[in-house]
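K.L.:
Protein chains in written order, with this note's numbering: chain A, 1 to 338; chain F, 1 to 527.
A couple of the hints might just be wrong.
Unchecked claim - Capping the alpha-carbon separation at 27 Å, the derived lysine-lysine pairs in DSSO-like fashion look like this: (1) F/Lys131 to A/Lys53; (2) F/Lys130 to A/Lys84; (3) F/Lys189 to A/Lys67; (4) A/Lys53 to F/Lys406; (5) A/Lys70 to F/Lys189; (6) A/Lys173 to F/Lys130; (7) F/Lys225 to A/Lys173; (8) F/Lys450 to F/Lys460; (9) F/Lys186 to A/Lys67; (10) A/Lys53 to F/Lys130; (11) A/Lys330 to A/Lys7; (12) F/Lys441 to A/Lys53; (13) A/Lys70 to A/Lys53; (14) A/Lys53 to F/Lys186; (15) A/Lys53 to F/Lys189; (16) F/Lys460 to A/Lys84; (17) F/Lys522 to A/Lys173; (18) A/Lys84 to F/Lys189; (19) A/Lys84 to F/Lys186; (20) F/Lys407 to A/Lys67; (21) A/Lys84 to A/Lys173; (22) F/Lys131 to A/Lys84; (23) F/Lys406 to A/Lys84; (24) A/Lys53 to F/Lys407; (25) F/Lys441 to F/Lys460.
Said to hold, decoys possible - Example chain A residues on the side facing chain F (calculated, C-beta under 10 Å, incomplete): (26) Gln47; (27) Glu90; (28) Thr165; (29) Asp188; (30) Gly268.
It should be emphasised that the hints constitute simulated quantities derived from the structure, not laboratory data. Values in this document were obtained by computation on a predicted structure and should not be read as measured data. The C-beta atom is built at its ideal place from N, Cα and C for all residues, glycine as well.
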Amino acid sequence: MLKFVGKRLVSALFVLFGATIITFILSRVIPSDPALAFYGPKATLDQSARLRKEMGLDQSIVIQYFKYLKDMLTGNWGYSISTKQPVLHELMTKVPSTLEMIFVSIIFATLFGILLGIWAAKNAHKLVDGSVRVFSIAAVSLPTFWLGLLFQLFFVGRLHWFPATGEFDTELKFLNPIKHVTGFPIFDALITGNFHAVENGLWHMVLPALTLSLYSLGLISRMIRANLLEVLSQDYIRVARAYGIKERVVLFTLALRNALPPVTTVVGLSAAYLLTGTFFVEDVFNWPGIGKFATTALLNVDYPAIMGITLLGAMGYLTINLIVDIVQAKLDPRVRSE
Amino acid sequence: MKHFFNRRASGTRGIAIGVGVLLIAASASATNGAAAANGILKVATSAAVTTWDPVQSFSTEAFYMTSLYEPLIWKNEVGAATEYSPALATTWSHSKDGLTWSFDLRAGATFHDGSAVNAAAVKASLDSAKKDGGASFIWDPVKSIEVVDANTVAFHLSYSAPLDLIVSSSYGAWIVNPKALDAVAKDSKYYESGIDAGSGPYTLTSYAPGSEVVMSAYPKYWGPKPAYSIVDALITSDGVTAQQMLTSGQVDFASNIPLTSMASLKLNHKFAVKAYGSPFNYVGYFNTLRAPLNNPVVRQALSMAIPYSDIVKVGGQGYATQARGPVPAGIFPYDSATPQYKKALATAKTMLAKAGVKNLKLKITYASENGAEARFAPLIKSAFESIGVSVDIQAMLFSQQWSLAKKDPANAQDLFIVYYWPTYSDAGSDNLYSLFHSSAKPFFNLSYWKNTQYDDLIDKAATLTGTDRAASQALYSQAMKILYDQAPGISFYDTKAVYVVPKAITGFTYNINYPFSLFFAKWSPTK
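Put together the whole structure using the sequences plus the hints.
P.N.:
Have a look at this one:
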């Protein structure tokens, strides 16, 4: 097992190295004047020349790359052109808010995806199954940003149930400020007993998490339905039913246990998808996380920030893949031998 | 899970979950609307902060700067009783030749650390703006600044210039605490965590880059105490989201609502939609380095193909008027007698044929992040195609459009569409100079046009603005007539500044001279 993990780690490092080269070259090839993002659209020629020198953009691309690599390994990920803050600091302060949203989205997608899948399988080829199928296809195919705007129009504009944007009410920081412990705002509020902030944070979380989770929810429900139907048609299930074992036990104890393992891969890959999905969702819901930072960086051609976000995204993706590989190898020894 | 498939139990559970969610929503929504009672003004804005350094500032952070800093004098909005209002200077005067200006400072004004605003601070601030400022060029006429006494400062000019307009500029004219000027000289990143060093009615309390700016009323401010003790600005780039925040009551004001939403908001009794003249306009540069665009007749013909009224409707959504040259209406030296091109497709076609133009292909670039340009650029394409000119239209980020235009001008775009505004309320020394005056290296003159007669008129007019405004206007008008005749660019339209003003707020004003700013200190809840 150790050898298997070691091999995966080495290949992950190669992928990471490749990602740095590709993003570095792409970010340098795009014709753009960083001074416009740094000083605004009326940046003067002097300001532009000074900034290019400060950023080392007047040097050859090879020197720039090795300098970037050296700085990156020593924890200096550069300064964001658009926010003027160290990129690593920006990422570290924004990641917790994004991870909290992803965490809630995964729980939501997994829980409701499994329940919908079971419901559809149990009512296969009936109206319920058809409805779940339509819902799942819609959830997978509708663009996230559009869904987000739609939810805002309906749940905020018409029903007034939820806030349009933000992580907490604006007044909260003045009236019930959250004490910083881990940097994860809702978690910090919870462990410091600031239940008003917890309730407020969860209330703000509903629409963005729902929007973000729909794609994964659709995938998971389809997969559970298909796996469950396949398992339910197998001989041992027929035998169990012939022995008069209760349907509840057949479904949840015998069938679901065998239908679930392939779903771990989907959940893992969904988590990685959610990381990029936050780009749109955080922009629409004004969520102060990594996704909003990424869209601002992209629109400003903020090289250092784009590089940092890509690197962090690649690390996240590789970590999740590694975990999925390990879990699969644990569950199925054939994966290890491959 | 035990009774999951029990229909009755499932229904009860669903109702329970629904009630739970509703209870959370209801209890939490009760906190909405508490802001005004607490003296907190919540604002959604797209205004990002490129720097907190008031000397370097040259972008959208102007939205906050007018609350944190003060200039010597303010230039008033259109229709005000006087052209200027005192800020840190109470009285001012200039010599007959316009070469010496004197400003008497306000007694009792202090910076946010409590130190006094005096003549030395004014000199240090404006010397720094002239030397290192983002808008340093506005101080070009100033030869030296003299501290006459603690409360008097004199400006000596190398040529006559409208110094009252310059010292009231929205960029590069803020008076800054000298301690901060010293600090930033030692550490260029001094301001970056979010620090202010001004004397304005508000002080910067906290800043989350790209997300939020919180400003609190400065208790020792020399003027009236602001009605809102806290202004919390939530940086919201998406206009539709900002609109949702406003209509749902999550914020009290939103400054970036899309023009396309105005019609529906006009029907909402909680708001008033107000349109003001603005200093913004849309201009297109022809690439005059390339044939056949180096021929003025071809440029005139293309200018006649533009469907101006359609562009005004589609781009400006009704909140715009066709421009008369590159000077926006309401800004000196706008001249309502400057001729405009009208759409005349048959004439345009004939002129192109006479100029011997066949199979002309043009590349048009515009900034993809600008919604209005994205809306009206296709109209230009179809208009040009209707006179036999094929068009390759390219949307790209402004920073990329800008880079491509400068990299190799002779092989760059054929038509560059830009959204422009003057740095201070003198479009003669800015728009007319920056956009079309010749320069060795192209900066904002991206038509790469050179005309010595035009240059002479602009240069001379600039020296007369301070002392003989009428003579200056006459020269600028002549220059604008040359622009019409030579057509190095197309003047599309002047935009209106459109705001959705909640009826719950009193005191909202729009000042064309500070187009990115709002004056929160003058606002109060409607009684």
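K.L.:
Which of the stated hints cannot be reconciled with the structure, identified by number in ascending sequence?
P.N.:
6, 16, 29, 30
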